[in-house]
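Asks: Sequence:
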Amino acid sequence: MFEFDRPRGGERALLVHVNLAQSTDQDDLPEFIELVRSAGVEDVDLVVASRQNPSPRTFVGQGKLDEIAERVQALEVDVVLFNNALTPSQERNLEQALKCRVLDRTGLILDIFAQRAQSFEGKLQVELAQLRHLSTRLVRGWTHLERQKGGIGLRGPGETQLETDRRLLAKRIQYLRGRLQKVERQREQSRQARSKAEIPTLSLVGYTNAGKSTLFNALTEADAYAADQLFATLDPTLRKLRVSDQLDVILADTVGFIRHLPHDLVAAFRATLQETRDADLILHVIDCADEERDEKIDAVERVLDEVGARETPQLMLFNKIDLTDLGPRVDRDEQGRAVRVWLSAQTGAGFDLLREVINETFAAATCRCRIELAAGEGQLRARLHRERLVLDERYNEDGSMLLELQLSDVQMRRLVRQLELDPARFAFEDDLDRARLAGVA
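Here numbering that gives the first Met the number 0 is used: the first residue of the sequence shown is 0, the next is one more, and so on.
Check each hint, because a few of them may be wrong.
Here are the in silico distance ranges between beta carbons for each label pair [what the hints assert, rightly or not]:
hint, residue 1, residue 2, range
1, L420, V338, 53 to 63 Å
2, G39, G307, 30 to 40 Å
3, N18, A426, 53 to 63 Å
4, N18, S243, 48 to 58 Å
5, N358, E220, 17 to 27 Å
6, A288, R56, 41 to 51 Å
7, A423, G60, 56 to 66 Å
8, F427, R184, 47 to 57 Å
Here are the simulated DSS-like cross-link-like pairs (lysine-lysine), alpha carbons at most 27 Å apart as the crow flies [unchecked claim]:
hint, residue 1, residue 2
9, K181, K170
10, K63, K122
11, K239, K63
Since the hints were derived computationally from the structure, they do not count as laboratory data. Backbone N, C-alpha and C fix where the C-beta goes; we use that ideal spot for every residue, glycine too.
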């Protein structure tokens with residue numbers, strides 16, 4: 000329906016990277032170059048500039064703009080890609096001055112996502128993100144969009160072509176939201192089925208290109224696409240993983256994160272990332288050989304916070320030890336709980352340790368406890384019965400209910416997290432159970 004500005008494979012691109020003195024969170028230049036190559040574009044040249052603050056009109060100053068224009072003409076460039084976020088007016092002014100298409104970092108990432116989306120849901124999510132991005136950029140360099148319709152029967156107030164485009168965009172966005180809500184309901188039904196079957200769900204997250212898909216394939220013997228490029232995996236993949244003779248889990252491979260991941264993409268992929276938010280355990284895959292691993296860990300944590308998964312229990316997997324002198328090991332905190340596993344998805348070193356830690360985390364130990372529900376908490380009572388956690392219940396004279404429960408650590412954590420319950424409401428019969436579950440919140 001709508002024509003998106005995006006670099007086509009084989010196009011010649013001029014890259015522009017502007018260092019801003021006032022910015023403390025600069026986008027990484029090598030990562031930008033990798034993004035460009037992941038989009039299938041030929042980067043013919045690079046222009047680096049430094050400024051105190053971006054120019055409100057063209058982001059760069061006039062001298063640098065003239066230099067970019069000269070290189071565009073001399074190198075026969077098809078598109079200029081900025082490693083910065085441009086406003087719609089800056090993008091329009093740059094296109095007028097350079098006589099070619101201009102895309103910023105957000106537009107480039109949207110294009111890569113559009114290329115990688117394979118599933119029906121993924122394509123819907125990418126289109127929704129693109130339309131949201133486009134809705135702020137309808138006013139480009141073409142003044143005919145601002146003219147009112149004319150002709151027989153169309154004279155008078157009418158509506159401008161720009162207003163028509165905005166109305167069509169709004170209708171399409173509303174339609175896509177409806178379709179994605181339907182997909183989200185289907186996903187929720189699948190999650191409820193897994194919850195009833197008491198199958199724990201583990202979600203692989205991490206900075207893009209940290210080795211998530213390679214680890215996923217090695218653990219589950221799946222054939223998910225894995226490559227040494229950014230955003231190699233877009234559509235989520237779920238597989239059953241046999242951890243031990245007594246434990247099976249569901250392992251979910253999700254899209255990789257990146258610094259300054261466009262907000263439109265985070266919003267569009269919220270349904271997919273709910274697999275991460277509702278997981279019983281997040282496996283945060285980290286490239287231990289990366290010199291910027293700490294910054295990338297922070298970037299992943301920010302996205303997890305944005306999708307509401309910051310409080311989900313997390314285990315860090317320091318991958319690619321085969322590229323270092325490190326060996327496989329498990330790091331534990333003061334309470335003896337595993338917090339880091341060092342392994343190699345490429346060689347399989349440390350897989351036995353990872354399975355031991357997962358098995359330890361989801362041990363089938365259960366405990367008995369009591370919870371008192373007010374008369375108006377019927378939905379919570381129904382949830383506890385639906386998950387078959389209730390052993391006995393009694394009604395008080397004031398209409399409140401006293402329920403006796405039997406549940407595992409995983410079920411306890413899920414209830415506390417998903418229903419925002421205060422762990423103090425659970426009264427344990429055994430002091431050991433109380434001590435073991437003290438850290439649930």
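Asks: Tell me the hint numbers this structure goes against, listed in increasing order.
Replies: 1, 8, 10, 11
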